[in-house]
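Q: Single-letter residue listing:
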Amino acid sequence: MKTILIVEDSATTRALIRAVIDELSGYETVEASSGFEALKILPQQQYDLIITDINMPDINGLELINFVRNNPRYSHLPIIIVSTERSEEDKKRGMALGASAYVTKPFKSVELQEIIEKTLAS
Amino acid sequence: MNSSRKEFIAEAEDLLQESQNLILEIQDTYSTGINPDTINALFRTMHTLKGVSGLFGLQGVTKLSHALETLMDDVRLGRIEVKESVVSFLFKNLDILRGLVEAAGNDGEEEDIAAYLKDIENFRNRQKDQEEAISPEAVIDPSIMRVLTEYEEHRLRANMKDGKGLYLAKAVFSLDIFDTALANMTGTIKSMGELISTLPTSSNVPDGSIGFNLMFGSNRPLAELKKEINVDIDILSESRTAKAAPAALIEEGPVEKAASTVGPVAVQKIQDSHLKSTSTTVRVDIEKLDRILNTIGELTLAKGAVRRIGVELVETCGHSSLVQDVHKITQTLEKRLSELQEQVLEIRMVPIGQIFSRLAQIVRRYAREIGKQIDLVMYGEETELDKFLAEEIVDPLMHLIRNSMDHGIEMPEERKAKGKKESGTITLKAYQKGNHVVVEVGDDGAGINLDKVRKKAIEKGLIDDDVELEQKDIVNFIFAPGFSTKDVVTDISGRGVGMDVVKEKLSALGGFADVTTKTDAGSTFMVTLPITLAIIKALIVRVGPEQFAVPLSSMSETLIVEQKDIRTIEWKEVYYLRGEMLPMVRVSRFFGLQGEDNERSFAVVVGFGERRVGLLFDELYGQHEIVIKSLGEYLKKLRGFAGAAEIGKHEVILVLDIEALIDESLFRQKGAVHV
Chain W
1 MKTILIVEDS ATTRALIRAV IDELSGYETV EASSGFEALK ILPQQQYDLI ITDINMPDIN
61 GLELINFVRN NPRYSHLPII IVSTERSEED KKRGMALGAS AYVTKPFKSV ELQEIIEKTL
121 AS
Chain V
1 MNSSRKEFIA EAEDLLQESQ NLILEIQDTY STGINPDTIN ALFRTMHTLK GVSGLFGLQG
61 VTKLSHALET LMDDVRLGRI EVKESVVSFL FKNLDILRGL VEAAGNDGEE EDIAAYLKDI
121 ENFRNRQKDQ EEAISPEAVI DPSIMRVLTE YEEHRLRANM KDGKGLYLAK AVFSLDIFDT
181 ALANMTGTIK SMGELISTLP TSSNVPDGSI GFNLMFGSNR PLAELKKEIN VDIDILSESR
241 TAKAAPAALI EEGPVEKAAS TVGPVAVQKI QDSHLKSTST TVRVDIEKLD RILNTIGELT
301 LAKGAVRRIG VELVETCGHS SLVQDVHKIT QTLEKRLSEL QEQVLEIRMV PIGQIFSRLA
361 QIVRRYAREI GKQIDLVMYG EETELDKFLA EEIVDPLMHL IRNSMDHGIE MPEERKAKGK
421 KESGTITLKA YQKGNHVVVE VGDDGAGINL DKVRKKAIEK GLIDDDVELE QKDIVNFIFA
481 PGFSTKDVVT DISGRGVGMD VVKEKLSALG GFADVTTKTD AGSTFMVTLP ITLAIIKALI
541 VRVGPEQFAV PLSSMSETLI VEQKDIRTIE WKEVYYLRGE MLPMVRVSRF FGLQGEDNER
601 SFAVVVGFGE RRVGLLFDEL YGQHEIVIKS LGEYLKKLRG FAGAAEIGKH EVILVLDIEA
661 LIDESLFRQK GAVHV
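Residue numbers (the working numbering), protein chains in the order written: chain W, 1 to 122; chain V, 1 to 675.
Honestly, the hints are just simulated from the structure, not real lab data.
This structure is a prediction, so every number in the text was calculated from the model and none was measured.
Watch out, some of these pointers could steer you wrong.
To be verified - Covered stretches of chain W (chain V as the covering partner; in silico rule of three or more C-beta atoms under 8 Å from a C-beta of chain V):
| no. | segment |
| --- | --- |
| 1 | 10–23 |
| 2 | 75–83 |
To be verified - Straight line, CA to CA, 30 Å or less: simulated DSSO-like cross-link-like pairs of lysine-lysine:
| no. | chain 1 | residue 1 | chain 2 | residue 2 |
| --- | --- | --- | --- | --- |
| 3 | W | Lys-118 | W | Lys-105 |
| 4 | V | Lys-518 | V | Lys-505 |
| 5 | W | Lys-2 | V | Lys-572 |
| 6 | W | Lys-40 | V | Lys-226 |
| 7 | V | Lys-161 | W | Lys-92 |
| 8 | V | Lys-288 | V | Lys-433 |
| 9 | W | Lys-105 | V | Lys-128 |
| 10 | V | Lys-416 | V | Lys-518 |
| 11 | V | Lys-460 | V | Lys-637 |
| 12 | W | Lys-105 | V | Lys-6 |
| 13 | V | Lys-50 | W | Lys-92 |
| 14 | V | Lys-190 | W | Lys-40 |
| 15 | V | Lys-335 | W | Lys-40 |
| 16 | V | Lys-387 | V | Lys-335 |
| 17 | V | Lys-170 | W | Lys-108 |
| 18 | W | Lys-108 | V | Lys-387 |
| 19 | V | Lys-455 | V | Lys-288 |
| 20 | V | Lys-63 | W | Lys-108 |
| 21 | V | Lys-460 | W | Lys-118 |
| 22 | W | Lys-92 | V | Lys-288 |
| 23 | V | Lys-416 | W | Lys-105 |
| 24 | W | Lys-92 | V | Lys-303 |
| 25 | W | Lys-105 | V | Lys-118 |
| 26 | V | Lys-505 | V | Lys-416 |
| 27 | V | Lys-472 | W | Lys-92 |
| 28 | V | Lys-460 | V | Lys-420 |
| 29 | V | Lys-63 | W | Lys-105 |
| 30 | W | Lys-40 | V | Lys-50 |
| 31 | W | Lys-92 | V | Lys-128 |
Every residue, glycine too, gets a C-beta built ideally from N, C-alpha and C.
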């Protein structure tokens with residue numbers, strides 16, 4: 001069983017991502033409704049993947065990616081950015097900070113599923 | 001227009017109203033410094049409008065709000081500077097949007113909006129001025145620059161452009177409490193400037209702690225910032241505002257004045273034509289309806305008093321014309337009050353489909369969790385139920401559904417072996433039955449193992465092991481308090497909740513649960529609820545010295561019973577009602593009251609089907625409308641009472657909990673002496 005941490009402030013999008021992951025087998029999800037919450041629950045268990053939004057109220061996705069990449073405990077974790085088409089530039093910045101992939105909202109479930117499986121396989 | 005479309009129109013109008021307020025705020029503040037939150041809020045409002053109109057296929061509204069969202073994105077990222085021309089342009093487009101929504105509300109044809117879109121596109125191109133060549137890269141470390149979003153970078157430039165100083169506060173907090181501590185600190189920073197970026201870090205930070213680098217812009221001197229924020233602060237670039245500010249004010253003063261006098265007048269003119277809303281719906285807090293119902297309840301009591309006065313007047317004054325007038329007005333009052341009550345109750349009704357769709361989501365998710373294939377079938381979604389009741393039964397229904405999914409539906413292999421199709425089916429069905437709504441949760445699973453239930457019931461001392469019970473009696477033990485076996489009932493997320501809680505909850509709402517089961521064919525739980533709570537009709541009865549109220553909705557008929565017709569069969573008292581045996585319950589004995597030994601007494605028949613019993617009372621007084629009030633925390637545990645009610649002349653009587661009475665008496669009659 002692999003554990004995926006979903007960081008996203010919109011409950012709807014969170015539920016959507018969760019539902020998409022639920023369609024795959026072999027994954028369980030943990031959710032954080034803000035960057036702060038993610039920082040809190042990161043040390044609590046092992047994760048295999050982080051899926052994060054960029055625009056969030058407390059710390060944004062880029063700051064979270066930067067934190068994860070610069071902490072030896074988590075630096076190996078693959079990160080997928082899920083963000084709107086408005087955040088093209090931010091996505092590029094996220095990739096530059098070391099995110100593994102990105103998906104643009106609104107996304108098709110197959111699209112996200114493929115990216116998750118591909119990211120975890122590599 | 002269907003109701004969801006109406007709801008869209010109502011929401012769209014709310015959003016347009018909010019947009020108008022935001023644009024007005026932008027107009028008032030753009031010359032003195034707009035709060036970036038206002039611009040963001042307008043951006044989000046357009047985004048939301050785009051989303052909801054898209055759901056309803058309103059192309060025009062969707063496209064136009066999308067174009068305006070893009071425009072606001074330019075504004076919020078500083079690509080377009082806010083000027084009077086921008087404000088007027090926003091107002092103009094808000095008007096066009098309002099026209100489109102209005103047309104949608106009237107089911108009119110959608111206007112062609114290509115020209116408006118082009119207009120917005122051209123406007124954006126004209127307005128886009130380049131941000132002043134300020135290079136934050138010169139003062140800010142690349143490791144920080146890299147982490148800024150485009151928006152944060154824009155705010156950074158804007159702060160520099162305004163001549164504010166840029167600072168970096170470095171704080172370390174314990175990991176368990178950092179969010180409150182950090183919230184305090186950012187609150188302080190925001191009171192003295194603008195927080196641009198909150199960068200968490202784990203380098204040079206002890207274990208169990210987390211560090212934050214907070215970048216902010218401010219005009220305050222460093223010493224003051226250090227004193228207030230109380231952590232190490234690095235200066236990234238110094239403030240120049242103190243010198244620049246007065247000059248800017250003198251220059252901009254007159255311009256600002258001219259702009260603000262022109263603005264509102266122009267706006268007023270454009271909006272007059274659209275002041276009238278096309279939506280006829282309002283959203284009301286259910287509490288407000290509760291208050292109206294309470295008032296109606298009080299009025300009902302007053303009406304009862306007027307009626308009583310009428311009766312007393314007849315006794316003292318005979319049938320004079322005054323008395324007749326009182327009689328007439330009482331009738332009118334009665335009629336209008338019940339109309340009023342019905343209308344308010346109708347407002348509170350919602351289709352049960354609202355909660356079905358929520359349950360469907362959970363079923364889908366939970367099925368995956370436990371590795372079963374489950375098809376969900378729903379019937380009767382349009383069945384209406386009081387909003388309060390609908391919300392209250394979500395949890396009990398969820399519990400029943402999870403129970404069916406965990407213990408009813410078998411794993412795919414097992415189903416295959418039994419010759420069933422691999423995916424199980426859960427059926428949700430709602431329908432109205434008289435004054436009640438029945439919600440069924442059915443599954444085509446293994447059925448409840450009655451032997452196990454029976455064993456458990458004996459183990460728990462609920463029945464003696466030599467008592468022979470019928471299937472339907474055995475299966476009902478799953479609702480007994482504390483009756484939870486792993487094989488029969490599951491916990492909801494390990495909270496140790498059994499079926500008894502479902503039953504208790506339903507009972508508190510004036511309903512009850514029933515179950516039928518067949519080995520390998522599945523089980524069906526039936527939840528029966530009154531359609532509304534609020535005011536109910538009750539029969540006032542007397543046993544010895546005490547009066548009670550029996551809700552009419554739980555009784556089917558009343559009988560006059562001769563003592564000699566009550567027979568005793570195997571210790572049970574029964575009465576033959578139209579050839580069928582009806583178990584009798586002496587309510588006086590039940591509550592330990594001194595009943596009367598009359599030759600004739602009155603029986604109230606309650607319950608349906610196999611749970612039908614006759615309750616014996618000494619006297620029946622007649623119907624009364626009552627408002628059931630809770631007995632409060634201390635008396636809550638008393639068995640047999642659903643609450644208390646006032647029946648005029650400040651007299652308070654207890655309302656019988658018929659379901660509890662039936663349960664207890666059936667247990668006692670079955671010889672289950674331990675209960």
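Q: Taking the hints in turn, state whether each one holds.
A: Right, here's what the structure says about each hint:
1. 10–23: Answer holds; 5 residues pass the 8 Å Cβ test.
2. 75–83: violated (count 0)
3. W:Lys-118 <-> W:Lys-105: Within the cut-off at roughly 19 Å; holds.
4. V:Lys-518 <-> V:Lys-505: Distance of about 26 Å is within 30 Å: holds.
5. W:Lys-2 <-> V:Lys-572: 62 Å, violated
6. W:Lys-40 <-> V:Lys-226: 27 Å, holds
7. V:Lys-161 <-> W:Lys-92: 26 Å, holds
8. V:Lys-288 <-> V:Lys-433: Holds. Lys-288 (chain V) to Lys-433 (chain V) sits at ~28 Å (cutoff 30 Å).
9. W:Lys-105 <-> V:Lys-128: It holds: about 26 Å lies between the C-alpha atoms, which stays within 30 Å.
10. V:Lys-416 <-> V:Lys-518: 18 Å, holds
11. V:Lys-460 <-> V:Lys-637: 21 Å, holds
12. W:Lys-105 <-> V:Lys-6: OK: Lys-105 (chain W) and Lys-6 (chain V) at ~28 Å, within 30 Å.
13. V:Lys-50 <-> W:Lys-92: Judged against 30 Å, a Cα distance of about 26 Å means the pair holds.
14. V:Lys-190 <-> W:Lys-40: 23 Å, holds
15. V:Lys-335 <-> W:Lys-40: 61 Å, violated
16. V:Lys-387 <-> V:Lys-335: 25 Å, holds
17. V:Lys-170 <-> W:Lys-108: Violated. Lys-170 (chain V) to Lys-108 (chain W) sits at ~41 Å, over the 30 Å cutoff.
18. W:Lys-108 <-> V:Lys-387: 35 Å, violated
19. V:Lys-455 <-> V:Lys-288: 50 Å, violated
20. V:Lys-63 <-> W:Lys-108: 21 Å, holds
21. V:Lys-460 <-> W:Lys-118: Since the Cα atoms of Lys-460 (chain V) and Lys-118 (chain W) sit roughly 54 Å apart, the hinted pair is violated (cutoff 30 Å).
22. W:Lys-92 <-> V:Lys-288: It is violated: about 50 Å lies between the C-alpha atoms, which goes past 30 Å.
23. V:Lys-416 <-> W:Lys-105: With a Cα-Cα distance of about 40 Å, the restraint between Lys-416 (chain V) and Lys-105 (chain W) is violated, given a limit of 30 Å.
24. W:Lys-92 <-> V:Lys-303: Measuring from Cα to Cα gives roughly 73 Å; hence the hint is violated.
25. W:Lys-105 <-> V:Lys-118: 26 Å, holds
26. V:Lys-505 <-> V:Lys-416: 37 Å, violated
27. V:Lys-472 <-> W:Lys-92: Distance ~65 Å between Lys-472 (chain V) and Lys-92 (chain W) Cα, so the pair is violated.
28. V:Lys-460 <-> V:Lys-420: 35 Å, violated
29. V:Lys-63 <-> W:Lys-105: 17 Å, holds
30. W:Lys-40 <-> V:Lys-50: 34 Å, violated
31. W:Lys-92 <-> V:Lys-128: This hinted pair holds, its Cα atoms lying about 23 Å apart.
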